[in-house]
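Engineer: Protein sequences, first through last, are from chains A and B.
If you want our numbering, it's the 1-based position in the first sequence plus 8.
If you want our numbering, it's the 1-based position in the second sequence plus 7.
A couple of the hints might just be wrong.
To be verified - One side of the interface only, derived from the structure: several residues of chain B facing chain A at Cβ under 8 angstroms:
hint	residue
1	Ala-95
2	Glu-211
3	Phe-219
4	Phe-223
To be clear, the hints were calculated from the coordinates, so they are not data collected in a lab.
Using N, Cα and C, we set each Cβ at its ideal position, and we do this for glycine too.
The chain contents come next:
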Amino acid sequence: MERSDGSDTASAGGPRPDGRRWRALLGGELGRYALAFGLSVAVMLLVPALLSNMFLVFGVLMAAVWPLSRWRRMRP
Amino acid sequence: MAVVTLAPDATVSWTAHDFEPYVIQRHLGGRVTLLPLYIGSLGPDLLTKWYIYGISLFGVEIRADNPAFFHRGWPGAGFTHSPFFALAVALVVYLIFRNGVWAFSLGLGLCAHAVTDILDTNGTMLLFPFSLERVSVGAWAYAGELGRRVDGFAYYGSLGLVADLAALALALFSWRVLRRDYFESRVLPRDPVLRFAGRFLPSEALLAVHRFGFVFGLSRLTAWLIFVYVLHSNPLDLSWGGPSWVPAIE
Chain A
9 MERSDGSDTA SAGGPRPDGR RWRALLGGEL GRYALAFGLS VAVMLLVPAL LSNMFLVFGV
69 LMAAVWPLSR WRRMRP
Chain B
8 MAVVTLAPDA TVSWTAHDFE PYVIQRHLGG RVTLLPLYIG SLGPDLLTKW YIYGISLFGV
68 EIRADNPAFF HRGWPGAGFT HSPFFALAVA LVVYLIFRNG VWAFSLGLGL CAHAVTDILD
128 TNGTMLLFPF SLERVSVGAW AYAGELGRRV DGFAYYGSLG LVADLAALAL ALFSWRVLRR
188 DYFESRVLPR DPVLRFAGRF LPSEALLAVH RFGFVFGLSR LTAWLIFVYV LHSNPLDLSW
248 GGPSWVPAIE
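All chains, please: the whole structure from these sequences, using the hints.
Structural biologist: Set out below in structure tokens:
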């Protein structure tokens with residue numbers, strides 16, 4: 009998006025173009041939860057003994073939303 | 008070599024119990040918090056289902072002689088599926104921890120589980136200990152005594168599937184409960200356990216704990232449906248008390 013002075017609002021911290029917004033969303037919170045969901049379903053189907061295994065889903069979810077590399081940045 | 012097969016997957020119930028706490032939270036707001044609601048909602052089956060489906064411990068099969076009766080009847084563990092048990096647990100938790108919100112939420116979760124389970128043919132002892140009679144609507148056949156896998160095929164091949172999808176739809180209508188701002192403004196301040204955990208865990212992890220039930224329910228519902236209908240060709244029988252191929256417990 010371009011301002012009247014010719015600068016780009018996205019690079020200036022303003023609204024992002026749709027493509028970038030979706031990329032940011034998928035690479036952000038929604039993406040991490042979607043990754044946890046997809047991985048959990050895939051593992052359950054590959055190993056049917058793990059169908060409905062709450063430890064599996066909890067582990068995958070935590071690993072997806074809270075990888076150790078984010079520890080320092082996310083500490084309250 | 009000792010062989011222990013605990014099958015933790017077998018200890019949990021169907022996904023309606025995962026979604027219900029979010030619906031309750033949405034309707035009761037600050038009077039409840041989600042973590043104890045969810046623990047209560049899964050509690051009765053976490054305590055009992057391993058013994059219903061059976062475990063193998065050092066080569067010895069440990070399983071209830073009459074799984075269906077043990078699960079919901081008395082003498083057995085059926086008392087865990089009763090409002091009386093929910094009240095007793097809530098009282099004990101309140102007397103120990105002096106936190107009304109946690110005690111109420113836990114009791115309500117346990118009570119919701121007991122009420123939801125009247126939908127199958129086995130039913131629950133809603134009036135325990137005053138009556139040992141099981142209240143049942145009989146919408147689908149209880150098949151826990153046939154083992155976890157057959158139980159899954161029966162449940163998702165019957166009106167149980169509709170119940171789970173309805174619970175998912177209600178949880179989606181309650182989507183606001185899953186939002187970060189709702190969690191931070193309505194849930195976290197009222198939950199002493201999460202606040203305590205917050206001393207050690209970042210807010211992102213606490214939020215994931217809050218959302219876990221929904222992710223868990225959605226994941227396993229999806230996996231079960233693919234397993235039952237795509238990887239196997241399970242027949243769908245939406246007749247009352249179905250599926251017809253299961254000898255329903257009554």
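Engineer: Given B:Ala-95 as an interface hint, is the shortest Cβ-Cβ distance to chain A below 8 angstroms?
Structural biologist: Hint on B:Ala-95: violated, closest Cβ of chain A at ~25 angstroms, above 8 angstroms.
Engineer: B:Glu-211 was flagged as interface toward chain A. Is the shortest Cβ-Cβ separation under 8 angstroms?
Structural biologist: holds (5 angstroms)
Engineer: Taking the least C-beta to C-beta distance, is B:Phe-223 closer than 8 angstroms to chain A?
Structural biologist: For B:Phe-223, the interface hint holds, since the closest Cβ of chain A sits about 5 angstroms away, which is under 8 angstroms.
Engineer: Given a cut of 8 angstroms on the nearest C-beta pair, is the interface hint for B:Phe-219 held or broken against chain A?
Structural biologist: holds (6 angstroms)
The structure does not agree with numbered hint 1 stated previously, though it agrees with all others.
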